[in-house]
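Below, each chain spelled out in residue letters.
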Amino acid sequence: MHIPDGFLTPPVWGTLDAISAAVVPWVARRAQRDTQDQRIPLLGVMGAFVFAAQMINFPVGPGTSGHLVGGTLLAVVLGPAAAALVMTAILLLQALIFQDGGVLALGANVFNMALLGVAAGYLPGRLWGRKPVTIFAGGAFSVMTSACLALSQLRISGVPMGGSVLWASLGLFLISALMEGAITVAAVRAIERLNPGWVAGGPQSSSSRTLPALAMATLALVVVGTLIASAAPDGIQRLTGQGGTASAWNIRMIDGIGGLVLIFALCFLGGKLIFRRRSA
Amino acid sequence: MHHLVIDRWSRGSSPLHARDPRAKLAVLLVFLVAVSTTPPRAQIAFVAYAALLIVAIRLARLPLRGLAGRAALVLPFSATFALLTLWSGDALRALALAEKSFLSGMAALLLVSSTPLTAWTAALEGWRAPRMLILVIQFVYRYLFVIAEQAQRMRWAALCRRGTQKGYFDFSAAAGLLGVLFARSWQRADGIYHAMLSRGFHGRFVPSPPAPFRATDAIFCSTCFAGCLAIRLLL
Amino acid sequence: MTRAIQVQGLRYRYPDGTQALDGIDFHLDSGESVALFGANGSGKTTFVLHLNGLLRGEGSIEICGLLLADDTLQDLRSKVGVVFQDSDEQLFMPTVLEDVAFGPLNLGLSPEDAMTRARTVLKRVGMAHALDRAPYHLSAGEKKRVAIAGVLAMDPEILVLDEPTTFLDPPARRDLVTLLRGLPQAKVLVTHDADLARALATRAVFFDQGRIAGEGEVIEIVQRFHWEYS
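If you're matching them up, the sequences are chains A, B and C in order.
Residue numbering for the first sequence is 1 to 280, as defined by the numbering used here.
Residue numbering for the second sequence is 281 to 515, as defined by the numbering used here.
Residue numbering for the third sequence is 516 to 745, as defined by the numbering used here.
Worth double-checking, as some hints may not be accurate.
Estimated spans, in silico, between C-beta atoms of each pair [what the hints assert, rightly or not]:
| # | chain 1 | residue 1 | chain 2 | residue 2 | range |
| --- | --- | --- | --- | --- | --- |
| 1 | B | 293 | C | 724 | 53 to 61 Å |
| 2 | B | 493 | C | 631 | 22 to 30 Å |
| 3 | B | 494 | C | 697 | 35 to 43 Å |
| 4 | C | 625 | B | 452 | 49 to 57 Å |
| 5 | B | 438 | C | 628 | 44 to 52 Å |
| 6 | A | 228 | B | 367 | 19 to 27 Å |
| 7 | A | 210 | B | 432 | 41 to 49 Å |
Derived list of chain A stretches under chain B, where covered just means 3 residues or more per stretch with a C-beta under 8 Å from a C-beta of chain B [as the list claims (entries may be wrong)]:
| # | stretch |
| --- | --- |
| 8 | 19-31 |
| 9 | 44-56 |
| 10 | 78-91 |
| 11 | 95-104 |
| 12 | 188-196 |
Hint data in this document are derived by calculation from the structure and do not stem from the laboratory.
Glycine included, C-beta positions come from ideal geometry on N, C-alpha and C.
With the hints as extra help, turn the sequences into a complete structure.
Next up, the structure:
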């Protein structure tokens, strides 16, 4: 799911780098507010744990095995902001040191996996309580979100992915998503048995569900929307990748992504307003 | 292990190692942008970029084959998409895809192989990356191998007792392993925190001041910028 | 003359209810070295975690005449240097030099002074050649020496070492004994290693289920409680 450099076009990686560069400091401040400097060794060690855990194979059938991606597990144990920060650190190290994902594409990978991926993993539990089924859903949604976003970004950048290829990729990702769900549930259960205190408690029943519900809806909109929108510029198939000359599709692309970001921002702000009015 | 080799390389000494990390980071970004925006028909440009990298690798006194081999790890992934592009009839674009991902990977690898982690994270911090992110990166890196090795040993121990049982039992064994690894990691974090408190830690890490940016670094930067720009615009 | 450590009536109960320490009276004179023996779980490590306030129990603890309390905690942490059993948990900074400088920086020294002090101390423990190395690359013996340096850099009056010879091979163990012998600080050594105790300590205390079951010369305690491997 890590996109290397050379695949995304400048408008795509540029926009996503800008978005991630703006959101990550906000996430860091959120994480700091929730955890304080004393928890930094914990975040670091958990990051190293996820890295190491990715090496452990979970057999899921004849000749197939999966491994933990970790966004949802981190969200369950550390909370969403800290989890997003740890995932960002992991992605940065993977990009620079392990050549897993590009440097210019880091913004895209962070957006897909550390930001929206972690959000998707966290929201089901936040909305419907911390249960095996919501943890499973979280794990699956997290992987599907990251995968769909990555596929859309590749398509918008002109990587040819016709119908059959797209469905095949989605199918493979669905299998990984289900595995992530299963592994995350199993891991959380194993951890809980050792010490229930390690699994962060679910939300209080009194806390408002409006914002998380709105966030969930927006997330689904963004993910499905970008997937559909990436198919819209039909001129891409005819492109020879001549870059600067066909400025029309550049603008259309910026339009497409810009439009979705605008929708996302509107929903987010709208949700905040409603939330504030409710509690006033 | 991969990152241990890179760690060793990064502590070498060479004219490239001695350059300010901020300069090297800036040059990397300019190089990556140049490569990324190069149109597929400008194949000569890719050769020129490769030549630039080879010069830099020589300057860093690093093994060319070793670096190229590690950068080539990205190729299986790009090859798949390159093939897709080839099928849709765009051979040049397919080639460019593979070349761009390989060259970009080499450049990033060169940066981390000639700059210790503390140096390039300090450079990022100089560019206003959140301090908490930098600290987490350093801690993750510090404990990466320790915990990975623990996981490896636990896996071996489990494999020794695997017998012929398969299927569900292996899945639950892996989950149990993950749980114990998590527990040991959490306790390790507690231990680290105790060690920090014992040495007077009272809430905030004290940052060290950055080294001054020298004239050599400025010359290095401008030369590389000029080189990349020239290749991008002229070829 | 004020004692280095004076503990009276120390009691501590774990969150799950077990009484880990049940009335400990302990003293350490300036420059003296004491070995703490006892089975795993007898309370030795729990006890030493009280000496710099990481755990807080009932009873009184005086370090160099200062009573351990919330407001004296920071001061006392620079007087009591604890070297933990797991060096990987102790050396958490990316390089050796930065790790040893961590303590002085927290004490308020300027970055330059902290680095100078770190270099001096690393030379003292014989690790001056490893300034820029990552802790992971060091051997167990080297890590232990750097960990000790990190603690010495805070200029403590008392050194507490928790199972220092775990993971050390015989040569490294010998080097550690030589190093510790040359340090003037009063020492508390939690150890299973009777030879280490004999080499360094003048007195031994035996812990049993949260209480002190015996106190006396090292050889005498080892014999009384059969505290050897064979």
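Is the hinted range of 35 to 43 Å satisfied by the C-beta distance from residue 494/B to residue 697/C? 42 Å, holds
Do three or more residues from the stretch 19-31 of chain A put their C-beta atoms closer than 8 Å to C-beta atoms of chain B? holds (count 5)
Tell me whether the statement that chain B covers the stretch 78-91 of chain A is true, taking a Cβ distance below 8 Å and needing three residues at minimum. holds (count 5)
Three-residue Cβ test at 8 Å for the coverage of the stretch 44-56 of chain A by chain B: holds (count 11)
Are there three or more residues in the stretch 188-196 of chain A whose C-beta lies closer than 8 Å to some C-beta of chain B? holds (count 6)
Check of the stretch 95-104 of chain A against chain B for coverage (Cβ-Cβ below 8 Å, three residues minimum): It holds: at least three residues are needed, and the stretch 95-104 of chain A offers 8 whose Cβ sits within less than 8 Å of chain B.
Lying within 49 to 57 Å: is that true of the beta-carbon distance residue 625/C to residue 452/B? 55 Å, holds
Between residue 228/A and residue 367/B, does the C-beta distance stay in 19 to 27 Å? The hint (19 to 27 Å, Cβ to Cβ) holds, given that residue 228/A and residue 367/B are roughly 23 Å apart.
Is it true that residue 438/B and residue 628/C lie within 44 to 52 Å of each other by Cβ? 50 Å Cβ-Cβ, so the 44 to 52 Å window holds.
Can you let me know if the beta-carbon spacing of residue 293/B and residue 724/C is within 53 to 61 Å? Holds: the Cβ-Cβ distance is about 57 Å, inside 53 to 61 Å.
Range agreement (Cβ of residue 432/B with Cβ of residue 210/A, hint 41 to 49 Å): Distance hint for residue 210/A, residue 432/B holds at roughly 46 Å.
Taking 22 to 30 Å as the hint, is the beta-carbon distance of residue 493/B and residue 631/C inside that range? 24 Å, holds
The structure fails none of the hints (numbered hints given earlier).
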